[in-house]
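Participant: These are the residues of each chain, in order.
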Amino acid sequence: MARRRKSERLSAISGIWAETGPTSRFLIGTLIVAAIGLIGLTPKTLFDTELVWPYASLVAAIGWGRSGLGFRPMVVLVVFGLAQDVSAYAPLGCFGFINLAAFGASSLIARSFDRERNPLISTVAPVVLYAVSFVLVWLFASFSGNHLVQLSPLVNVFVVTYLLHILTAPVFDLGRRVGPLAGSMS
Amino acid sequence: MARLRGKRLKARPVRRYALIVALVVLFAVLLAQTSPRLRAWIDPARTVAADQLASSARPGLWDRISGKAARDERIRELEAEVRELTRYRSVAISMAARLEAYEDMLNVMGEPPVRGVTARITSETNGPFREAILVNAGTLQGVQPGAYAENEGGLVGRVVQIGERSSRVLLVADFNSRVPVMGEASGMRAILFGDRDDLGTLTDLPERGSFILGERVLTSGEGGIFPRGIVVGEVVERGGALRVEFGMNRGRGGFVRLMPSMQIPRPEEFPAELPDPDSAIETDGEAGVEEGAETAASDALPDAGAPGGG
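Chains P and R supply the protein sequences, listed in that same order. When we follow the numbering used here, the leftmost residue of the first sequence carries the number 1, and every step to the right adds one. When we follow the numbering used here, the leftmost residue of the second sequence carries the number 1001, and every step to the right adds one.
This is chain P alone, in the form it adopts within the complex:
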């Protein structure tokens, strides 16, 4: 009985989400990224272990990119990137560049290979995009610091960011679909 009530509640939430328009979805996603970023400004510890904080804006970039290119996501991603640059003492424009590159690449992959939302591509593409983005972070950090920075903390952030992606990917789906190619079977 309780399970049935729970599944009914979940289906109600998903129903409301399905009815939500791209603008509302975009605003909710923006608020989530801002909240995660603000909470993560100072280190958080759990049982004396310092928590690794994810790059929420990267999750948003890849999620929004799947719905195609748009001006609003681009502007917000650049603003989030600048905030990340300031908080991480990275060269200005660094995270903005990475966010936009991830956004563009995600959009390109969605247009070129993932029009039918194939589960395999939907799983593999974000992993590849995160890997490339974190390689870019590593490269920029190494150039900026004049030495090769450690890879292991970045791998930890990579894993945590991907976990966040698994949990919150539907929130960053703007609901717009890149339509199938003309003449293709659907």
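By construction, these hints were calculated from the structure, which means they are not laboratory data. Bear in mind that the values here come from a model prediction, so they are computed numbers and not experimental data. Glycine is no exception: its CB is placed at the ideal position from the N, C-alpha and C atoms. Each hint can be trusted.
Label-pair restraints from in silico Cβ distances: (1) P:Leu108 - R:Gly1224: 49 to 57 Å; (2) R:Leu1199 - P:Val128: 30 to 38 Å; (3) R:Ile1191 - P:Arg117: 56 to 64 Å; (4) P:Pro22 - R:Arg1016: 14 to 22 Å; (5) P:Ile16 - R:Gly1254: 36 to 44 Å; (6) P:Ser11 - R:Asp1197: 46 to 54 Å; (7) R:Asn1176 - P:Thr123: 36 to 44 Å; (8) R:Ala1018 - P:Ile16: 28 to 36 Å; (9) P:Val124 - R:Ile1093: 51 to 59 Å.
Since the structure of chain P is already known, use the hints to place chain R on it.
Facilitator: The following block gives chain R in isolation, referenced to the frame of chain P:
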């Protein structure tokens, strides 16, 4: 329908071009920062942004209504008091080393009065970029250029960027940080910098002698930024090499104390006005020369006696 499709096709390349242009502009901004002159133009923008980021730590309206802001304020006061007392404890321990140095010196100037600002850490990222923290005190709170930061564990770093309400502190654990240090027991001198494994590496060591395992590492006071005797860490052995475990990691309470740097004015800044010896002999004889020298000395002394003034 056909019109709508045509409109969509037109809109997409514009977005694509906008993305490419944005990427190129951001990359150009990145490249521009490799030039120190252009970086000097961009740094003020970063400082303004950091000020805005630091202001996010202010208590909100609900905190004021519920009284949480007042409680937090009281907790901060008590924590500041505890930190102050902890600092005095470390000062007392390092006093022995200072006394030894003072005994070897003649005409030693007195210690400048301790001034400083306690600031809250508003941003501390463990990312791959430079290890730095952002604190919510700037020029309005009396932070001066070149100030250094310490917490209850010891030296934290030095201020590399100051805004009106925020300052950026480059941690001693950063690879680009260089701190002149000495062993408390051995008296060995070296330069300390942060390495990738959260431990400090000692470089420029003297050819003879070495640091003692377990001894405390203090600032040596050379270089004119950090005063002598601030605890930096402890010598530990890792992989057969002597490294330094930073003391600041023991006192991560979310606050740092920003202290003015030890800036001793150069003699050229306060030139002594010596009278012309020929004219002095002609007019007043030896008495005149002595009087002039005394005046010059008394002019120069108060300035030289305020090493923390800069």
